[in-house]
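Knowing the structure of chain A, use the given hints to seat chains B and C on it.
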Amino acid sequence: MLSVILKRLLLAVPTLIGVVVVTFLLTRALPGDPAAYFAGPAATKQAIEQVRAQLGLDKPLPVQFVRYVNDLAHGDLGNSLTTGQPVLAELRSRLPASAELTLLGLILSMSIAIPLGILAATKPGSIVDHVCRIVTTAGVSLPVFFTGLILVYVFYYLLGWAPAPLGRLDVFFSAPRTVTGFYLIDSLLAGKFDLFRAALAQLVLPALTLAIFSLAPIARMTRASMLSVLASDFVRTARASGLTRYTVVITYAFRNAMLPVITTLGMVFSFLLGANVLVEKVFAWPGIGSYAVEALIASDFAPVQGFVLTMAVMYVILNLIIDLLYGVVDPRVRIDA
Amino acid sequence: MMTAVRKLTSGKRAVTATAAAAVAKAASAEAKQPSGLAATINHARYVIAENPVTGFAFALFALIVLCALIGPLLVPHDPLASETTAALKPPSWHHWFGTDQIGRDVFSRVIVATRLDFVIAVSSVALVFLMGGLAGVAAGFFGGWTDRIVGRLADTIMAFPLFVLAMGIVAALGNTVQNIVIATAIVNFPLYARIARSEANVRREAGFVQAARLSGNGEFRILLGQILPNIMPIMIVQMSLTMGYAILNAAGLSFIGLGVRPPTAEWGIMVAEGAAFMVSGEWWIAFFPGLALMVAVFCFNLLGDGLRDIFDPQRRT
Amino acid sequence: MKRRDFLKSSSAAVASAAISMPAVFSPAKAQARNETLLIVSESGPNNLDIHGVGTNVPGYEVSWNTYDRLISHEMKTGPSGQPYYDKNKFKMELADDMNVGDMSVTFKLKKNATFQDGTPVTAKDVKWSLDRAVTVGGFPTFQMRAGSLTKAEQFVVVDDNTIRIDFLKKDRLTIPDLAVVVPAIYNSELVKKNVTEKDPWGLEYTKLNTVGSGAFKVTSWTAGSEVVLERNDDWKGGELPKIKRVIWRMVPSAGNRRALLERGDADISYELPNKDFVELKDAGKLNIISTPFSNGIQYLGMNVKNPPFDNPKVRQAVAYAVPYQKIMDAVLFGLGKPMFGDKNNTAEEAVWPQPHGYNADIEKAKALMVEAGYANGFDTTLSFDLGFATVNEPMAVLIQESLGQIGIRTTINKIPGANFRTELNKKVLPLYLNVFSGWLDYPEYFFIWCYHGNNSIFNTMSYQSKDMDALIDGAVTAAATGDQASYEKDVKGFVDLAFADLPRIPLYQPYSNVAMQKNVSGYAYWFHRRLDYRTFSKA
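Going line by line, the protein sequences match chains A, B and C. Counted from 1, the first sequence has number 143 at position 143 by the working numbering; the numbering is strictly sequential. In the working numbering, each residue carries its 1-based index in the second sequence increased by 337. In the working numbering, each residue carries its 1-based index in the third sequence increased by 654.
Keep in mind that the hints were calculated from the coordinates and are not lab data. Since the structure is predicted, the reported quantities are computational estimates derived from the model, not experimental observations. Where a beta carbon is used, it is the ideal one built from N, C-alpha and C, also for glycine. Fair warning: there could be bad hints in the mix.
Rough simulated footprint, nothing fancy, chain C against chain A, three-plus residues with beta-carbon under 8 Å [said to hold, decoys possible]:
#1 23-36
#2 156-166
#3 284-294
Extracted from the complex, chain A is given alone in its bound form (with noise of 0.2 Å):
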């Protein structure tokens, strides 16, 4: 298992090294010029020099870049610009508000993807199959930002139920005590009921948008899988020995088809994670998806490096992750590299 997970982790040292170089060339191309900025409005040519100097942007690209390897090396990212702090430091206190909000919103998905999947495996051709695909189709039609200033207008605006678009608490509580970064679960580890109950409350349209966004591949992923399960012989069997049809669905056709489902959710996952920098920018969202955006916008160098650098490691995390899992799910399933 072991030597399994070494070999898998040596085989993304590639891609990482391809990832780093790509994002390393891509931000040097942002227009702008860091020096400029760090000199401030009223510099002279000869101060931006000397700033640049500062900075070693004077330096030719391979030396620079030889750096920026080596600072990686230590753990530094460097600091942004625009908010001045260390890269490192502010995508870890960032890090948990989007993958909380990513994983509230997957859940989310799961809860009304998965029984609209199977209703519509269990009825292929049916009034219920083509809603289904409808309405998941128009999810994955919306542009998210679009669904999100939508929700923001109809649920905060004008009737009143859901908190300001805030980002993850309401001004007037204070988060929990870190232990997760979770602010659902630290809230609950603190035992206050009411700050989990104003976390929850911020969390809501935003993971809905995004739930919205999702229900398409896990549906369809759900439906697809379901079907060619109730298709197979072994249902055919369960089924002929008179079981209940919910047993038959559920119990025996369900619990096969999860496979794909799960690497669907792992995807669907990672993809959201990096996807919902829309997500962040509409409902202020503290995430690292918003920084990223901001940071992009704004020629900030670092900040979009180790965005992107942080994104990739755990997009090969999460693809061992599931590799593994499905091992555990489905013991035929051998694992190699």
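Coordinates of chains B and C only, in the frame set by chain A:
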């Protein structure tokens, strides 16, 4: 089923409907060949009659193409002409979708924008087909080093958060329509490369390929003359599905401020412009372009499903 | 390994560095809300110290409220009845007494003034702080130079309690420049404990810590999302503020900021789109105060070094083509002071800003284009700062449309905020929208920066005119020697010349808008246009 499972894990992160497609596809034992044009048309007629949703998608598609072609001739107002005395007016008989901040007619802008969004979608899909599709086919057919290089490239791109990669490319190259197209194509590269690869791989020893080989065709010739046409139906389904994604991607870039330049009408930038007015009650500025965006993407997605029904009914998910 | 385990371990890794927000207060202590001010704005500080490298404008607000200066300004009544800083009257802040001599000024410090850590404020601290401002480089040094404060030798410790500032030359901007945000007084001993070889002025330390004697101290700062400040109960710089705690939250979306105000969740916001301010004012649920930027103008700049804008006729044609009134109505919703449509292009008064005589007149513009030899027009780009897109984008679109009518075909070029300055400083943008506003409210101050041929970085048009330079220099000399008559003549002269040569077309004087709940009072307008928490109170 076991082969299907292994395929899937190598499919990784294809979250759109295509992931489902890939699985169901792999689940079905052998790829089925469409048998002649007439049969396909007959079958299409049957599918559309059987599935009203697909028929609806085709009708919608025709409407979108119509708007893209002659939209500028249809609209009641100049989409670029400002009329500050009639700014921020709600929908009325004169302005069906209302007017925006400087008094431009939202209806005219939404219709005219169809062409640009359609062009972005079509050209980015064509580009990614040329890059990813061909690379994938070659990788699947030749295997070996070609396969490894294409695979690494796809892996590296996949490891990026895709939207941020697209943003980075547009930010670095400058925000023009051309660069939006390029960025969208690049982020879709792995998807196309993988699908084309697995499709080509399945067929590399197929009977018709053997036959072509025996009759003295070179490998490249077989690749372009036999394999490529053979996987076209699958690629077309894929292209239809990615068209929707391309539009969403372009709109997202515009929303962030990296899209097309003003005053050009484009759905994403119009939603972004209208977003600020949503809270003060002028919902129509963002709502109608957002709706158009959704309808177009919806149409491409349904169309992709419908095309799959037509080309290969067994793969429907 | 299960996914649960993965999540657990990854969260454990982040737990150590995760942010913990301060205990604001539980709903049970609701009365404390009267002493807490909740501010929402688009962006927050990137550095708590204005001397820092690349400190942004929100950072100035922190500095203003957490540090004292030797002197500050008295208040007068502003254009809409609100308190407005009086540029001619100074108030003692850390100083107890100011004695202006012929070539120096001497300050006695308040005896009981202490820094927030309890150490007394001494003349040594003042000298160290002013030395730092003039030597640290970048913006602070530049701003000090505007008041002819350039050398550490100018700051002389007389005794523990007395500091003298020697003048290098007579300059009427020297005293006002001591009351701007930059010459803040730092706890020098505390900073010195935190200096390194690479960082002799302790910039890294003051970036994260406020070490002043000011009325507020920063107790928590989460970059990009929140700043919490608490009152310094031992403040000696003035009357103790009524507000005990300020929570300043960054809310990037303007729509959200507006909604927060309307629903009563936030106390104050600025940086809202003009339309929102107009509607909020009409709705009457909030107090809205609009004040024209002091010494500030939104303008359309042209690169006068390169064709086609090197031709004054072309520049005048543009000035006759700009749809001024449309901009006032559709872009500003009336929240701006027109800088166009005066009866002629001659200054009657020696003041700045004042309107010019151009107005939208397409026929005249077309005729000028023909005279200039551009009957068929030309292609060019119109650039603006994406950071201010709310105003700039619709304005650019309207200008683009009107210029199209006289044959000038423009491509709109949105430049991200961080790059805009860089692009401007290259001085190659042919046509661009921008705002300039000076902290010191004197006409010659504006003109030195924007029109003088010594090619200051704000002369982004690369404008060169010997006559202009002579008039500006004349006004500066006249002001220093108190020669009112020649001062007025020179000021009128350079305003007239600016309108005749027209390297940049003034469009309007922007308004600084602030919206607050009805129970919030005490807003005062300052030259830096940021909030001064010290005067606020909440009913």
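Evaluation of the provided hints:
no.: 1; hint: 23-36; verdict: holds (count 4)
no.: 2; hint: 156-166; verdict: holds (count 6)
no.: 3; hint: 284-294; verdict: holds (count 5)
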